[in-house]
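Asks: So the sequence lines, in the order shown, correspond to chains X and Y.
Just so we're aligned, residue 32 is where the first sequence starts under my numbering, counting upward by one.
Just so we're aligned, residue 463 is where the second sequence starts under my numbering, counting upward by one.
Please note that a few of the clues may not be correct.
Quick list of the computed label-pair ranges, beta carbon to beta carbon [stated by the list, open to error]:
hint	chain 1	residue 1	chain 2	residue 2	range
1	X	N83	Y	T492	26 to 32 Å
2	X	Q88	Y	R526	43 to 49 Å
3	X	P70	Y	S489	26 to 32 Å
Simulated from the structure, these hints should not be mistaken for lab results.
Note that this is a predicted model, so its numbers are computed, not measured.
Ideal placement from N, C-alpha and C gives every residue a C-beta, glycine not left out.
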Amino acid sequence: GEDVEQSLFLSVREGDSSVINCTYTDSSSTYLYWYKQEPGAGLQLLTYIFSNMDMKQDQRLTVLLNKKDKHLSLRIADTQTGDSAIYFCAEIPYGNNRLAFGKGNQVVVIP
Amino acid sequence: GAGVSQTPSNKVTEKGKYVELRCDPISGHTALYWYRQSLGQGPEFLIYFQGTGAADDSGLPNDRFFAVRPEGSVSTLKIQRTERGDSAVYLCASSPERTNTGELFFGEGSRLTVL
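Work out the full structure: start from the sequences and follow the hints.
Replies: Structure follows, in structure tokens:
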């Protein structure tokens, strides 16, 4: 299936860490993605993780993948006002050529 | 610019009218995707082109929706007899034929409002 589930809203104080969670259903996806959508802008790839990895660190971003539970998370360290956006996790289900997106998490950073 | 360009950025139309939305992908990108994003939802797949042909149109909701890409570059999404439920942001994305990661490059979208 292509169901990707995410919780909806998170507010965080500037400088704190924020964690966004996602569950997915297709265990055969090769890559899992986090996309960012800022107000009035197109989606932009933020980071991705290969399915044989458990963790990926990319500057302030840490992606954790739990394949057993089909759970993906994104941690943003030292959250800044520019991190205010909607974050979507996404996968390419086996046999498809397209990304399947979750509903998104809106992150609001409070100065 | 070098990114994916979509026009118009905003379109307001009346129920029953015909609408065309245009996407100009990144030069050289052979794959082109259309998605639809309703308020509070994630993007929903509509159709995927590889070159000029529609490789996967399984996401088109009904036969009022049609898309073309006659020369393998610019694509047009066409919606006939628009309904209020068609109101959404229509997103276009492109990618090279082969990518290491499957990354898609998105345009800013065309916001369609059907009154």
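Asks: If any of the earlier hints don't hold here, list their numbers in rising order.
Replies: none
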